[in-house]
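A.B. asks: What follows is the residue order along each chain.
Protein chains: 2
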Amino acid sequence: MEYSEGDVIVELALIFARPDKRIVVGIGDDAAVVTTSHRTVVTTDMAVEGIHFRREWSTPFDIGRRIVAANLADIFAMGATPDHLVVAISLTGDETLDWIKELAIGIDQEARKCSVTIIGGDVVRGPVVTIAVTALGRVGTPILRSGAKVGDEIVVTNLPGWSAAGLFLLENQIDLANLVSSGHAQRALSQYRAPLVAYEDVPFMRFAHSMSDLSDGLLIQGEQMARASGVKFNFDSQLILSHPDFAELNSLAQEVGEYVWDWIGAGGEDHVFLATGIGLPGFEIGRVEEGEGAQISGLMQEPKGFSHF
Amino acid sequence: MEYSEGDVIVELALIFARPDKRIVVGIGDDAAVVTTSHRTVVTTDMAVEGIHFRREWSTPFDIGRRIVAANLADIFAMGATPDHLVVAISLTGDETLDWIKELAIGIDQEARKCSVTIIGGDVVRGPVVTIAVTALGRVGTPILRSGAKVGDEIVVTNLPGWSAAGLFLLENQIDLANLVSSGHAQRALSQYRAPLVAYEDVPFMRFAHSMSDLSDGLLIQGEQMARASGVKFNFDSQLILSHPDFAELNSLAQEVGEYVWDWIGAGGEDHVFLATGIGLPGFEIGRVEEGEGAQISGLMQEPKGFSHF
Chain A
294 MEYSEGDVIV
304 ELALIFARPD
314 KRIVVGIGDD
324 AAVVTTSHRT
334 VVTTDMAVEG
344 IHFRREWSTP
354 FDIGRRIVAA
364 NLADIFAMGA
374 TPDHLVVAIS
384 LTGDETLDWI
394 KELAIGIDQE
404 ARKCSVTIIG
414 GDVVRGPVVT
424 IAVTALGRVG
434 TPILRSGAKV
444 GDEIVVTNLP
454 GWSAAGLFLL
464 ENQIDLANLV
474 SSGHAQRALS
484 QYRAPLVAYE
494 DVPFMRFAHS
504 MSDLSDGLLI
514 QGEQMARASG
524 VKFNFDSQLI
534 LSHPDFAELN
544 SLAQEVGEYV
554 WDWIGAGGED
564 HVFLATGIGL
574 PGFEIGRVEE
584 GEGAQISGLM
594 QEPKGFSHF
Chain B
294 MEYSEGDVIV
304 ELALIFARPD
314 KRIVVGIGDD
324 AAVVTTSHRT
334 VVTTDMAVEG
344 IHFRREWSTP
354 FDIGRRIVAA
364 NLADIFAMGA
374 TPDHLVVAIS
384 LTGDETLDWI
394 KELAIGIDQE
404 ARKCSVTIIG
414 GDVVRGPVVT
424 IAVTALGRVG
434 TPILRSGAKV
444 GDEIVVTNLP
454 GWSAAGLFLL
464 ENQIDLANLV
474 SSGHAQRALS
484 QYRAPLVAYE
494 DVPFMRFAHS
504 MSDLSDGLLI
514 QGEQMARASG
524 VKFNFDSQLI
534 LSHPDFAELN
544 SLAQEVGEYV
554 WDWIGAGGED
564 HVFLATGIGL
574 PGFEIGRVEE
584 GEGAQISGLM
594 QEPKGFSHF
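Residue numbers (this note's numbering), protein chains in the order written: chain A, 294 to 602; chain B, 294 to 602.
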């Protein structure tokens, strides 16, 4: 290790520095001070090397983008607008300063997409790279998981499953050169490494009755929202089949011998937004009904379960 | 592992739950929502097993208390009042649910001392236990590191060095039963495992020109404040010698063959508050002068350096 903690902090502060009238005290004191509205939204996420990412599978730029995307998606899923991030990182000491800077640039780039500034952090030593990101935002009336009503349309901002497909390709060391659907495979890999989150679609969801992002997958997240709302989430496989991206994802699944509904129903980490309401934008994939739980109706075979822990 | 991520979250939510009118949306949605004042203070800290704590040296209760104490001290060091915490934890899977609950109770107990509520978090898998805590608070005019003025008295809320002494005893496996100063050794161990932070003294520091908490040790933190303020921090060894606790710490140091000024000058993690100003409460240990850097004047031998990274 050819650098000190102080060197790292100086480099990160340079990468994260930018004019921001919301900041009263930035990086460098015991804590940061920001101007806030009456209601502040807060969420925290931790990503651990070997569990949530691997250095041989993703660039540091993508690792940084991905953890921030996951974090910001949680803020957007409340119907809120993110403003600031703090980032705590443990480093093993065998990373080059360039690797660390690229990670920071990935963090910063994803934040910039949403006009979010990194205002503080912590850099420590650890046996693996671990990144904990906490986002702060503002909201008027938050959109909760518990607001779904019987009769609501269920919509998604994109087809979920691409990130799970990318993870499958990496875990099974599939050689993309041999695939007919190598273009779709590239899309899956890219979505796994650093998901493209449809931040820009969320403002149009402001009349949603309930909303969440699909960090844990459609069925798990649907069931959580159903339980919180005291209703049933009935996803309709025929509606999902008609999504313009379904054919691509399905052809990739078939070529590698996987069941596409495992990816769609149980794969997480796409950070697609799942919302319910009437006349919402997004792609309709089902209805809220009386009852409990979540299911994809019309399938011959149930999707596999999925848990990240 | 006889429990799921869901079980852990349910247990933690029960431990952290309490009536709090500042909370609009608590644990269980994509993010928490709290009411805030115009200015929000934010800080984050990460503690890694094997680096910042060891399971064989500290109870989970103390591990939880210590990381929260470090975090809240940063908020207080801004002249601010903490309100809320979010906590991200990686677990290896070989912890019992009781161990995890005791950790959460330690986190909660330290937070309760300051009327702080845990409003959210993340629980993931990792190769070691890693805890990232982010605190939110409110402030009118923050007290910065950069406000020290030539002529200011430098004061501390307690004598620093006890935590470093405790770490020394643990690292060198000193048998307390054989020590004449075993009572002082107990105090050192206790301060290392979960520092008693003088939160209640901080409101009396509201007229301080500059303030920080001693997470990194007196000389390092003094130098940081001196640089930020464009002044010199001159700590006076004669003043420090007259602190009512000095004799105890010194007798322990002498008995174990250590130089007490290494502990006082370079040991961190006591989270003693270091402030400058005129007529402040606390114990005076020096003066702000023209010049640069930080030193303890009147010593025959310089204290060793100390860096946590």
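Simulated from the structure, these hints should not be mistaken for laboratory data. Check each hint, because a few of them may be wrong.
No copy is singled out in the list; a pair is fine if it fits within one copy or between any two copies.
Stated by the list, open to error - Computed cross-link-like contacts, SDA-like style, restricted to lysine to any residue with a CA-CA straight-line distance of at most 20 Å:
1. K394 / V473
2. K314 / R431
3. K442 / I344
4. K394 / L307
A.B. asks: With 20 Å as the alpha-carbon cut-off, assign the pair K394 and L307 to within, between, both or neither.
C.D. replies: within (10 Å within a copy, 40 Å between copies)
A.B. asks: At most 20 Å between C-alpha atoms: does K394 with V473 qualify within a copy, between copies, both, or neither?
C.D. replies: Result: close neither inside a copy nor across copies, 37 Å intra and 51 Å inter.
A.B. asks: Within a copy, between copies, both or neither: where do K442 and I344 come within 20 Å Cα-Cα?
C.D. replies: Neither. Shortest intra-copy (36 Å) and inter-copy (49 Å) distances fail the 20 Å Cα cut-off.
A.B. asks: Have a look at K314 and R431 and pick one of within, between, both or neither, based on CA distance no larger than 20 Å.
C.D. replies: Both. Shortest intra-copy (15 Å) and inter-copy (18 Å) distances satisfy the 20 Å Cα cut-off.
Figure legend: structure checked against the earlier numbered hints; hints not met, in rising order: 1, 3.
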